[in-house]
Amino acid sequence: DAMVIQNPRYQVTQFGKPVTLSCSQTLNHNVMYWYQQKSSQAPKLLFHYYDKDFNNEADTPDNFQSRRPNTSFCFLDIRSPGLGDAAMYLCATSRDEGGTGETQYFGPGTRLLVL
Amino acid sequence: SQQGEEDPQALSIQEGENATMNCSYKTSINNLQWYRQNSGRGLVHLILIRSNEREKHSGRLRVTLDTSKKSSSLLITASRAADTASYFCAPQGSGYSTLTFGKGTMLLVSP
Chain V
1 DAMVIQNPRY QVTQFGKPVT LSCSQTLNHN VMYWYQQKSS QAPKLLFHYY
51 DKDFNNEADT PDNFQSRRPN TSFCFLDIRS PGLGDAAMYL CATSRDEGGT
101 GETQYFGPGT RLLVL
Chain X
1001 SQQGEEDPQA LSIQEGENAT MNCSYKTSIN NLQWYRQNSG RGLVHLILIR
1051 SNEREKHSGR LRVTLDTSKK SSSLLITASR AADTASYFCA PQGSGYSTLT
1101 FGKGTMLLVS P
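These protein sequence lines map, in sequence, to chains V and X.
Residues 1 to 115 (this note's numbering) are what the first sequence spells out, left to right.
Residues 1001 to 1111 (this note's numbering) are what the second sequence spells out, left to right.
Hints may be right or wrong, so weigh each one.
[As the list claims (entries may be wrong)] Some chain V residues flagged as far from chain X (calculated, every beta-carbon gap over 12 Å):
no.	residue
1	26
2	52
3	75
4	80
5	82
6	114
[Claimed, not checked] Below are the DSSO-like pairs computed for lysine-lysine, each with C-alpha atoms no more than 27 Å apart in a straight line:
no.	chain 1	residue 1	chain 2	residue 2
7	X	1070	X	1103
8	X	1103	X	1069
9	X	1026	X	1056
10	X	1069	X	1056
11	X	1056	V	38
12	X	1026	X	1103
13	X	1069	X	1026
14	X	1056	X	1070
15	X	1069	V	44
16	V	44	X	1070
17	V	38	X	1103
18	X	1069	V	38
19	X	1070	X	1026
20	V	38	V	17
21	X	1103	X	1056
22	V	44	X	1103
23	V	44	V	17
Because the hints were derived from the structure by calculation, they are not lab data.
Built from N, CA and C at the ideal position, the CB exists for glycine as well.
Could you build the full structure based on these sequences and the hints that come with them?
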């Protein structure tokens, strides 16, 4: 089945130790998104790619970066995780950019724990 | 992008009852989407309603949109325990626009 896959489902890292979360998609969608969701809060968009064009949200900390080497894969890099970065990280895709009514397809998320 | 605000924050009902949750937003939209999130999982798209539509149905879901009041409602009929989840609305403006989610409505359906 076509889908959005996130690995791993759970990631434990140490304070200050760089960590990379992975997302892949078999939908061949142009747009890939990364959201951060803390407990009982709304998913917060960090950045997204339209094809190779990177779009950073204004309030996304510099500690968070992303790479999209090809259509199928997108990575979230946290350079120096702090305790406040512990959260669920959600990857999503859409065929095109919004406005006309593009559905987003989400992966199951990676829960990051920072020790 | 603009953010929707869901109401109530939490809703607890018995199986078989109907559940209604509301969404308000501030500026004009092109469409509005509803998503569901089961605990610890990703979001799942439920339904999209366009600004020129007033009502839309999908199975046990009924969504209404009142652009004059800048509000939408999601009705789940004959609720089941499996409907227990958080529900988010995402209003979307015209042109390029990402989605901004509110805090959602947490629905608990008890057997």
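Evaluated hints:
no.: 1; hint: 26; verdict: holds, 15 Å
no.: 2; hint: 52; verdict: holds, 16 Å
no.: 3; hint: 75; verdict: holds, 17 Å
no.: 4; hint: 80; verdict: holds, 26 Å
no.: 5; hint: 82; verdict: holds, 22 Å
no.: 6; hint: 114; verdict: holds, 18 Å
no.: 7; hint: X:1070 / X:1103; verdict: holds, 18 Å
no.: 8; hint: X:1103 / X:1069; verdict: holds, 20 Å
no.: 9; hint: X:1026 / X:1056; verdict: holds, 21 Å
no.: 10; hint: X:1069 / X:1056; verdict: holds, 17 Å
no.: 11; hint: X:1056 / V:38; verdict: violated, 31 Å
no.: 12; hint: X:1026 / X:1103; verdict: holds, 16 Å
no.: 13; hint: X:1069 / X:1026; verdict: holds, 9 Å
no.: 14; hint: X:1056 / X:1070; verdict: holds, 16 Å
no.: 15; hint: X:1069 / V:44; verdict: holds, 26 Å
no.: 16; hint: V:44 / X:1070; verdict: holds, 22 Å
no.: 17; hint: V:38 / X:1103; verdict: holds, 11 Å
no.: 18; hint: X:1069 / V:38; verdict: violated, 31 Å
no.: 19; hint: X:1070 / X:1026; verdict: holds, 7 Å
no.: 20; hint: V:38 / V:17; verdict: holds, 20 Å
no.: 21; hint: X:1103 / X:1056; verdict: holds, 23 Å
no.: 22; hint: V:44 / X:1103; verdict: holds, 10 Å
no.: 23; hint: V:44 / V:17; verdict: holds, 23 Å
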